[in-house]
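> One letter stands for each residue in the lines below.
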Amino acid sequence: MALGPIFRSTLRNPTGAVLIALQIALTLAIASNTFYMVKQRIDKMNRDTGVVNAELLTARVFYFGSAVDQEAQADIDRKALMEIPGVKSVSYSNSIPLGGSNNTSSLCFEQEGSVLGDDNCPHSPSYYRSDVNFHETMGLKLLSGRWLNDSDAIESESISSTASRTMLLSDVLAKLYFPEGSAVGKQLYLGGRPLTVVGVYERMLRPGSGGTNPDHTILAAEPQTSGYLSIRIESDRIEQVKEKLEATMVGLNDQRVVSVIRTLDEVAERTYRRDKAMVVLLLGVVALLLVVTALGVAGLVSFTVANRKKQIGTRRALGASKRDILGYFMSENFAITATALLLGGFLAYALNQYLLQSYQLSRLEVVYVFIAAGCLLFISQMATLLPALRASRVSPAIATRTV
Amino acid sequence: MLVYYSKLAWRHILQTPVLSLLIVMAIALGIGASMTMISYYKAMAHNPAEERSDSLFAVQLAAYGNDMEEWGRDSDGLPIQLTHQDVKNLREAELSFPRTGMYQFMTVVTSQREGVAPSNDYAGRFVDRDFFNMFDVKFLYGEPWSAQVDKEGDKHAVISKSLSEWIFGEANSVGKTFVMIDGEMLFTVVGVYEDFNPQPAYYDLSTSYFPGEGPGVFLPYSSVDTLGRFPMGNISGWFPEEVNSHADLMKSEYVWQVFWVKLDNEEQREQYRAFLKAYSEEQNKLGRFQNPNPRGDIKDVKTWLEYNEVINEDNKVMVGLSLLFLLVCLVNAVGLLLAKFLRKMNEAGIRRALGASKRQIFSQYLVEVGMLGVLGGLLGLILAAFGLWAVRELYETDIARLDPTLFMGALALSLFASLLTGILPALRVCNSNPSLFLKAQ
Chain E
41 MALGPIFRST LRNPTGAVLI ALQIALTLAI ASNTFYMVKQ RIDKMNRDTG
91 VVNAELLTAR VFYFGSAVDQ EAQADIDRKA LMEIPGVKSV SYSNSIPLGG
141 SNNTSSLCFE QEGSVLGDDN CPHSPSYYRS DVNFHETMGL KLLSGRWLND
191 SDAIESESIS STASRTMLLS DVLAKLYFPE GSAVGKQLYL GGRPLTVVGV
241 YERMLRPGSG GTNPDHTILA AEPQTSGYLS IRIESDRIEQ VKEKLEATMV
291 GLNDQRVVSV IRTLDEVAER TYRRDKAMVV LLLGVVALLL VVTALGVAGL
341 VSFTVANRKK QIGTRRALGA SKRDILGYFM SENFAITATA LLLGGFLAYA
391 LNQYLLQSYQ LSRLEVVYVF IAAGCLLFIS QMATLLPALR ASRVSPAIAT
441 RTV
Chain D
183 MLVYYSKLAW RHILQTPVLS LLIVMAIALG IGASMTMISY YKAMAHNPAE
233 ERSDSLFAVQ LAAYGNDMEE WGRDSDGLPI QLTHQDVKNL REAELSFPRT
283 GMYQFMTVVT SQREGVAPSN DYAGRFVDRD FFNMFDVKFL YGEPWSAQVD
333 KEGDKHAVIS KSLSEWIFGE ANSVGKTFVM IDGEMLFTVV GVYEDFNPQP
383 AYYDLSTSYF PGEGPGVFLP YSSVDTLGRF PMGNISGWFP EEVNSHADLM
433 KSEYVWQVFW VKLDNEEQRE QYRAFLKAYS EEQNKLGRFQ NPNPRGDIKD
483 VKTWLEYNEV INEDNKVMVG LSLLFLLVCL VNAVGLLLAK FLRKMNEAGI
533 RRALGASKRQ IFSQYLVEVG MLGVLGGLLG LILAAFGLWA VRELYETDIA
583 RLDPTLFMGA LALSLFASLL TGILPALRVC NSNPSLFLKA Q
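Here the protein sequences come in this chain order: E and D.
Numbered according to our numbering, the first sequence spans residues 41 to 443.
Numbered according to our numbering, the second sequence spans residues 183 to 623.
Check each hint, because a few of them may be wrong.
Stated by the list, open to error - Simulated crosslink set (SDA-like; lysine to any residue; CA at most 25 angstroms straight-line):
1) D:K526 to E:A346
2) D:K498 to E:K226
3) E:K316 to D:Q381
4) D:K433 to E:D88
5) E:K84 to D:Q381
6) E:K84 to D:Y391
7) E:K226 to D:D496
8) E:K316 to D:A567
9) D:K224 to D:D496
10) D:K484 to D:R255
Unchecked claim - Quick list of the computed label-pair ranges, beta carbon to beta carbon:
11) D:G591 to E:E286: 45 to 53 angstroms
12) D:K540 to E:P54: 21 to 29 angstroms
13) E:K119 to D:F568: 51 to 59 angstroms
14) D:P393 to E:L425: 21 to 29 angstroms
15) E:K79 to D:F421: 36 to 44 angstroms
16) D:D446 to E:D88: 54 to 62 angstroms
17) D:D580 to E:N347: 51 to 59 angstroms
18) D:S390 to E:F102: 14 to 22 angstroms
FYI, nobody ran anything at the bench for these hints, they're computed from the structure.
Just so you know, even glycine gets a beta-carbon here, dropped at the ideal spot from N, CA and C.
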């Protein structure tokens, strides 16, 4: 393919080419950053919660009768719920992964106050307070040490922090505090109290959307009697139990309100609603962008074809085949698009740089620029194909018709 | 002249229907996307206090004893909430400005209608009587509790119209009593208000910025001690403190309440700032506020909304993205306009040869571009209405609506943008040599 004539004819009337190039470069910058943002959101929504999502039903239990023995009632609840076919385990806890209520406290190497500075208390994990069955209800995986048992369980009214003397750490947290060697048997301070690590579990996400450190969690044995009720059920029976849960619970004791009855999947859906909305909107804008770009390229190429009708006719009359004409327009577009993509690559990084500085976004991975560039090259060539085919059908006779 | 140009322009548009449609679509998509995002952004950035914005002030105190200079939304060392001790002191200070302490609590209300189970769907909030005036709560029946109740506390309640209907089956329940808290306490309704849920919920940004429901029941802040309700919201602290009961929480250094004061002019503001300074220093002497720089601050509603970053990053990114998208659409429109105009170049040549000036050709083309722009803008508004519907569905929010002030803005923007994009192609046309085209006929 002779690129010389293509180059010269493009340069003779560069406005159209410049406009196409500008549009493609901008589109690449926007699309690659958008793809990357979408990818991050999807990763966030798909991340492992560490618990058995599909088997969990949760509810909030709130007492209004003052004369209720909540502890005895919690035992009655557990027994009654365990009798329902399909129910495997029942727990009351202060919060649940991805749920609404969150307790955090700084986790320190030494008693706070005696040693100052962030080095002493580098992280603020969320802590779960529940009965000793909680790991079973949630379906956690033990990596080292042991689960909590009745000897760890402590009764407490404290709302400020856990009164427990022992705890389990998530794997991420254990590695952060004890990068060398096992965390089991070590002591750390939570809310000013010393707690001994008795085990390490693989993962359980924080309540809420998790922020930057969603894996920083702690588990302590402190049986709760209200707050979040979690029930682990065989997943095909979950809907059945869900329907009747409020009636069952209020039937057992009518001095309480049982509300916000949701499967953990529903809890997750609500927690991630903003992320999902963002993904849909971002993809919507990118899709429109690609359509607009495709139409723009098609429009401008048609215009070029119409403008060069005589030139095409002359070339055909001088012996150029239909394929040559098609190839000519396709390679002209290829050259323009490729140049634009090069420029767009730089623009993509400039845009990413701006986003990095203004918002909490991470650095653009180069693969997304290539994905977007690939898409654009394809779209641009496809948009050229139709007008180029029309160009190839221009009759050689046209060269003789007008002067 | 304009009428003639418009006629001519309309004929041109019809002569090149595909190109014209593409241009209109490009402008419409750009306007539609950016108007959707800007409308949503404007809804979030809305200041519901309006003309009261400048006179309502949220109070902050650097109430801690160690190095917490990173505390607060802006890492300025000022937490957005206050301790109970401080709210109590600020309420009781001998100043005559309207003020209110507040916090939200969860409560269970019992309905008096048959077969309706008790519900905790209606959030409760402790406030002072000034709250209703400061935050423009509209009373339908009755009035706030008395100044006496503000001092001594009583089981008086001001409830929303919805709650009144839910409990009593009627909107006007002033003077009636209902059961709430521990399933046994009787409260007397003294006032019923039109459902109150300003968006964003600027009166208390420590919980949710855009709650689905507003408060259902207000109780006198003066009963906080006796009712012993735990807050439903954030509790933060700077050192570990044992809290086993509501009484412990009230004595603690945890921050969990909010305090507002109404200051009408600069003189009053200065007076209040001086008061906060003196108060902080006094607390410092008493052994609290042991940080090196004991201080307080007041922020008006506008500042408070910005300080709390009510608009989240996603929305800012989307506005930026949609404007970039509009830019691409406009670049696209320039290309298409160029194609469209150059196709009609011979006509311009004839008109030039017949005596039309460059200026006339130029203005005639701009009229055409303007028409395309207005058409695009109108179509864009329809697309924006659809886009906002999508936003409402996606975020399950009600606040994203097409702003009437944006309506004219969108049309002006599309007209301006299209004229800007039309200049280059129109110049190309009117600067070309007419004889060139006459020859080719």
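> If a hint holds in the structure, say so; if it doesn't, say that too.
Results for each hint:
Using a Cα cut-off of 25 angstroms, the hinted pair D:K526 and E:A346 holds, with the two alpha carbons roughly 12 angstroms apart. About 45 angstroms separates the Cα atoms of D:K498 and E:K226, which puts this hinted pair outside 25 angstroms; it is violated. With a C-alpha separation of about 22 angstroms, the suggested pair E:K316 and D:Q381 falls inside the 25 angstroms cut-off, and the hint holds. Our distance criterion of 25 angstroms between C-alpha atoms is broken by D:K433 and E:D88, whose separation comes to about 41 angstroms.
Taking the CA atoms of E:K84 and D:Q381, the gap is about 28 angstroms. The hint is violated against a cut of 25 angstroms. Proposed proximity of E:K84 and D:Y391 is supported: the alpha carbons are some 23 angstroms apart, at most 25 angstroms. For the suggested pair E:K226 and D:D496, the alpha carbons sit about 41 angstroms apart, so the restraint of at most 25 angstroms is broken. Distance hint between E:K316 and D:A567 is fulfilled; the C-alpha atoms sit about 21 angstroms from each other, no more than 25 angstroms.
Proximity of D:K224 to D:D496 is assessed by CA-CA distance (about 14 angstroms); at most 25 angstroms being required, the pair is judged to hold. A threshold of 25 angstroms between alpha carbons decides the hint, and for D:K484 with D:R255 the separation of about 15 angstroms falls inside it, so the pair holds. Checking the proposed 45 to 53 angstroms range against D:G591 and E:E286 shows it holds: the Cβ atoms sit about 49 angstroms from each other. Our hint of 21 to 29 angstroms for D:K540 and E:P54 holds, since their Cβ atoms are close to 23 angstroms apart.
Between E:K119 and D:F568, the C-beta spacing of about 54 angstroms keeps the proposed range 51 to 59 angstroms intact. Look at D:P393 against E:L425: about 53 angstroms separates their beta carbons, and that is not inside 21 to 29 angstroms. Between E:K79 and D:F421 the beta carbon distance is about 41 angstroms. The supplied range of 36 to 44 angstroms therefore holds. Between D:D446 and E:D88 the Cβ separation comes to about 56 angstroms, which falls inside the hinted range of 54 to 62 angstroms.
For the pair D:D580 and E:N347, the supplied restraint of 51 to 59 angstroms holds, since their beta-carbon distance comes to about 52 angstroms. The hinted range of 14 to 22 angstroms is satisfied by D:S390 and E:F102, whose Cβ atoms lie roughly 18 angstroms apart.
Hint compliance for this structure: hints 2, 4, 5, 7 and 14 are broken, all remaining hints hold.
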